[in-house]
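A.B. asks: Listed here are the chains, written in short residue letters.
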Amino acid sequence: MKQHTDTILYLDSVSVSFDGFKAINNLSLYIEQGELRAIIGPNGAGKTTMMDIITGKTRPDTGTVLFNGDTALTELDEAAIANLGIGRKFQKPTVFEHHTVFDNLELSLKGNRTPFESLFFKLKTEQRDRIDDVLKTINLQDARNQEAGSLSHGQKQWLEIGMLLMQDPDLLLVDEPVAGMTDAETIETARLLKDISKNHSVIVVEHDMDFVKSLDCRVNVLHEGSVLAEGSLDLVQSNPEVIEVYLGR
Amino acid sequence: MIRQPFILRILQDRLASFILGLLLLSAFLVPALNLYVSPESALHVPSYVVTLLGKYLTYALLALSVDLVWGYCGILSLGHGAFFALGGYAMGMHMMRQIGDRGVYGDPVLPDFMVFLDWKELPWYWYGFDNFGFALLMVLLVPGLLAFIFGWFAFRSRVTGVYLSIITQAMTYALLLAFFRNDMGFGGNNGLTDFKDILGFDLKSDGMRASLFFLSAMAVIFGYFVCKFIVESRLGRVIIAIRDAESRARFLGYRVEYYKLFVFVVSAVLAGIAGALYVPQVGIINPSEFAPANSIEIVIWVALGGRGTLIGPIIGALVVNYAKTYFTGALPEIWLYMLGGLFILTTLFLPKGITGTESIAQSFENYRLKLARWLRPHDFPDLNKEPAE
Amino acid sequence: MTILSKFSWLALFAVLVAFTAPVQNVAHADEFSKIVQTLNTKSKKKLGKAIDAVVATGDERAVPVLEALLEGKLFYRKTDNQVFITEKSGKVYLLTDPSTGKEIGEATRKEAKKIGINNRLRGQLKGALGGMTLMSPDAEKRLKAANDVFKAGDPAMLKILKKALLREEDGTVKERMNRALAAIELEHAKDLQIRLLAVQKLGEYTDPEVAALLNKIIAGTKDEQLIASATETLSDVESSLASWAIVGNLFQGVSLGSVLLLAAVGLAITFGVMGVINMAHGEMVMLGAYTTFMVQEVFRNYFPGAFDWSLLVALPAAFLVTGLVGIAIERGIIRWLYGRPLETLLATWGLSLVLQQIIRSFFGPTNQEVGNPSWMSGAIETSTGLVLTYNRIWIILFSLAVIALLAVIARRTMFGLQMRAVTQNRAMANSMGIRSGWVDALTFALGSGIAGIAGVALSQIDNVSPNLGQSYIIDSFMVVVFGGVGNLWGTLVGAFSLGIANKFMEPYAGAVLGKILVLVGIILFIQKRPRGLFALKGRAVEA
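Going line by line, the protein sequences match chains L, H and C. Under this note's numbering, the residues of the first sequence are numbered 10 to 258, in order. Under this note's numbering, the residues of the second sequence are numbered 630 to 1018, in order. Under this note's numbering, the residues of the third sequence are numbered 343 to 885, in order.
These are computed hints drawn from the structure, not numbers from a lab. We put the CB at the ideal spot given by N, CA and C, even for glycine. Check the hints yourself; a few may be wrong.
[Stated by the list, open to error] Partial pick of chain H residues on the chain L-facing surface, computed with a CB cut under 7 Å:
| # | residue |
| --- | --- |
| 1 | 830 |
| 2 | 843 |
| 3 | 864 |
| 4 | 873 |
| 5 | 874 |
| 6 | 877 |
| 7 | 879 |
| 8 | 880 |
| 9 | 895 |
[Unchecked claim] Listed below are the simulated DSSO-like cross-link pairs for lysine-lysine, each with C-alpha atoms no more than 30 Å apart in a straight line:
| # | chain 1 | residue 1 | chain 2 | residue 2 |
| --- | --- | --- | --- | --- |
| 10 | L | 101 | C | 452 |
| 11 | L | 203 | L | 222 |
| 12 | L | 66 | C | 870 |
[Stated by the list, open to error] Here are the in silico distance ranges between beta carbons for each label pair:
| # | chain 1 | residue 1 | chain 2 | residue 2 | range |
| --- | --- | --- | --- | --- | --- |
| 13 | H | 980 | L | 141 | 51 to 59 Å |
| 14 | C | 762 | H | 980 | 50 to 58 Å |
| 15 | C | 762 | L | 218 | 50 to 58 Å |
| 16 | C | 677 | L | 153 | 33 to 41 Å |
Work out the full structure: start from the sequences and follow the hints.
C.D. replies: Given below as C-alpha cells:
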C-alpha cells in the first residue's frame, strides 16, 4: 500500500449506498501531488458519486477520504472543502447565468468568502489582471461583459474551467469537460487541461476515449462503485475485464 | 471594467431616480400641502389622504424587503408579514405603555386589556417598552432575531424552494395562532389599539400624521439605498449567484447559509421598520397581520412591480394598494377577482413585472425625457434623436 | 261436601275477584285523581310530597301528569281548583282530565293557572319519571330511566328501583340500575356499612359521573372511613377513566388524521408526481363540499325519500366536477409554469381567491346546510364517557378506502404505471412514448378529484362555506411535507401522526397551543429531514 503522505487525494475502502443500492463499493484510489488522472467507466459506475463524496456533497457510509495526506474530507462540508483547495466542474456546465463572464470569474477569485468581506469588497488591480489572464486562457476576452447565460455550451464549459482556475485550487475535479463540444473545442480543452496539470493536480472524468487518449495520463476504470483496472489507457483497454464491462452487456 | 461610484449608478437608472425623486419631493410636498395650504384650496391634501399614502409607503418598504430575499436570493418568503407585524407590535407596545393612566380603566401601568383579563402585574417582556429608544431597538431586534433563528435552522439544513416557502407560511400561521391567545399578553384577538401619542405628540394631530408620512417616505428611500448598496456589492452578486446556481456557489467555497441568513435578517429588519411605521398611522395592530394571506399578497406586489429590480416592488406596492383602496370602496365584489387575476396574469404574462417589461419601462423613460426637456431644454438630447438602447 | 265446598269456595272467590276488580279499579281511580288534586298547592314543600305520593300510586297514568308538570303544562282551574293537563291552542288551553285522559273542554288564559316548579322539584320529577319508566317494556327507555334515577339520586326511588332490578333481564340496563341503586344508597343510607359497600360497588364503574358523585361524597361527609374508602375508589375510577380518555383521544386523533389524510392526499399526488404546489387545492375540497350541497338540494326537492343515498351520488359527482376543474386548471395555467414551482404557487393562490369569490358570489358567504344521512348520524356511546360518532367512524373508513383505491390505481393500472414513470424520470418517460403532458393533466385531475371527494366527506363534519378549503390548506401542506413527497404511505403516516399528535397535545396545552407546538415541531423536523419522513434518496432526487 502506498504511503498516503505524498498523495493529494487518498480514498480508502469508501462505500456509500442509497436505499440499499451500493453506489460506491469499497473504493480505494490514490492521486499523487501534481498528477493528471483520468477516470472512465460505464454509466452508473459511480463516477459522479465519487466526486460528490470528495467534494462533501455526499457523506460516505464507511471509509477514509484524505486531502493532502492529512485532512479528512468526510467531516467537512462543500464550502470548507472548496476553501481547502478542491475545485469542481460539474457534468452539466453550471455558471451563474445572470452574471457577466467577468463577474463569474470575479466571484471565483480566491479568498474573501464571508458575507461581510463580500459586502465591502473592492477589486484590486492585481486581481483584475488575474481575471484578464484567465479570460485570455479560456479564450473569452471578447465575451467578458456578456451574460454567461448567453454563451454557447462549449463556452460555458470553458467559463466553468476558468472559474476553477480563478479559485486556484490544488486539486481540480473535472466532470465530463468535453461533453457536447466540437472536435476543435475538444482538442483545445485537452491542451488546456494538460496545461493546467503542470502546476495543479487534476482528475478528469470522461466518456470520450479519444479525449482521454490525448490527455496521455494514468487511467482508472470504475465499475459498480469500485476500481476495476488502473494504468495507461492502452493497458486498461486491453484488460479483458474492462472489455467485458464495456462490451459484454 | 470600472465600476462607477454608487450614487452615480443609481442616477443612471432612470426609472429609479425618477421614482426616488418623486418620493423625496412628496416627502416634503405632501406634508406641506396638508399643513400649510388652507383646506378650501384645491391643492390641499386632506389628513386622511396623508395617512393613506403613508400606509402605502410602509407597504412599499415591506415589498422592498421581500424583493431583497426573493428577487435577489431566490428565497420566496410567504411569512414576511410576520416580521412586519412583529415590528408593528413592538411599536404598538411602546404606544400602549405611553397611554399610561389615560386608559378606560385608568391603571397607571397595565394596559386596558390586561386589567380586563384581571392581570396584576406587567409581564416581564413588556418591561422597557415605556422607553422609546428601547422600543425602537426592539423594532429592529425582534424581527431580526426571529429571522435569524428561523433562517439558521432552515438554511443550515438546506431547506429550499417551495419547502422553504411552505415552512415560512407555517411560521407566520403559528404566530397568528399564538397572538390570538389572550394569555400571550399581546391583547389577543383585539390586538393593541387606542393609542394616544408618541413622545408626547398626539397621534391624531395633523402635524404627527404629516411627520409619520415624511418618515415613511424617507424610510422607503433609506431602504432602497440599503438594498441597493447590498445588491450592488459583491455580496449582492454572490446572492444572485446563489439564486441561480446554489451548489456552484457552494463548490466555489461560499457558505450559502450565511449569505442567505444575512439577507434574510436584513430583510426582516426592514419589514419590521415598515411595521413600526405602519402601526401608528393605522392606529391598531392585531393578529390578523400575521395571516398567511397577507404575506402572500406582499409577494404579488413584488411580482407585479418586477422582482429583482428594487424600484419595481415599490411601484407594485403603491399601485396594487391604491387599486385595493379604490375597488374595495367602489366595487368590493370585484376586488378579490382582481387580486386573484393579478396573481394568475402576472405569473403567466408578466414574469418580470411591469418594470421588467421593456415597453412599459420605455414609455416611462420617454415620458421622463419629455418632462425633462420641457423643464430644462438644453441639458437633454432631443427625444427623437435618442439612440435606442 | 269437602270437595264441593272447597270448589264452591274457590268459585265464590273467583266471582268475588271478578266483581271486586273493577270496583277496586274505580276506587283506585278515585284515589288517584284525589292524589293528583294534591298537586294543586303553592307550597313547594307540599308539592314535593304530593309528587312522591303520585309516584307511590304506581299508576301508569301518573307519567303524563308528571311529564306535564315538568314541562309546565299542568294547570289548575281557578273556578273549581281542578287540576288539568293543558295544551295550548291559539289563545285558549285545551284541558285534559289527568285521571281519564279525556278532553273536557277548554279554558282561557285567565281561567287557568300553571302549577309552578323550581329546580329542585325539576330534579325530583326527572328522577320520579325515571322510576316510573323503569319497568317500561322498552329496554332503551329503561336504560334512560336508570340513568335519570342515578342523576336524580332520589331516595324515594329506592323501592321501585329494587323492584325493577328483580325483574330486569337486560345486562346493560341491570348494570345501570345497580349503579343508580349504589348511588342512592351511598348518598342517603344511614348505615355506614351499606354506604361503604355502595362505594365498592360504584368502584366497578369507569364513569365520569361516578367520579363526580364520589367527589361530592368526599366533600360532603365527615366520616373518615367513608372518606378513605371513597378516595381510594375515586383514584381507581379516575385512573381507568384516564386510560379511556386516551382511547377517546386516539379516536379523535385518528379522526382528525383521516380528515387531514383526505385533504392532503390529492395534494401529495400533484406535488409528488408533478412537483406542483397547488394552493387552490383547498378550494377543490370546497367545491366538492358545495357539490354535495347541490346534490342534496336535488334530493330534498325531488327525491326526499332517498335522501340517505344522496352521498353516494355526491361522491362521483364531486369527483367529476373537481376533476374537470382540475383539468381546466392544469391545461389553462399550470402547464405554462412547469419548472417554475414558485410561480405555480402564486398563480394557484390567485386561483384560490377567484374560486372562493365565485362561490361567494353564487351562494353567499354563509354556511350551507348539508345534512347527514341517517346511517351517519348518531354515535356509539359507552358508559365511560367515550363517544364515537358514526360520521367520524365512516370518514375514517372512507379515508382508508380512498388510500387503498389510490394504491391500487398506482400499482395495478396502466395509468398508475405511467404516473410513476413520470414521477421518477420525466425525460425518460417522454422518450418511452408516454405523453407526459396527458399524464400530468390526468394526474392533476385525479388529485383534484380526490380533493373533491374529500370535500364530500368534510361536508359531513364541517361547515360548508367558501372558506372551507382555507382552513385545511396549511395543515395539508404540513402533512405532505412531514410525510415526504411522492409517497402514499408517507402521506398516510404523516396524516395520522399529525392528527394524533394534535389531539394528544390538546388536553395538556389547549387546542391552539397544541397546534402551534405541532407546527413548530414540523418546522424543526424538516430541518433534520428536509425531504420528509419517507423521502426518496440518491442522486436522482437532486437532479
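A.B. asks: To test your reading of the hints: which numbers does this structure violate?
C.D. replies: 1, 2, 9, 10, 13, 14 and 15
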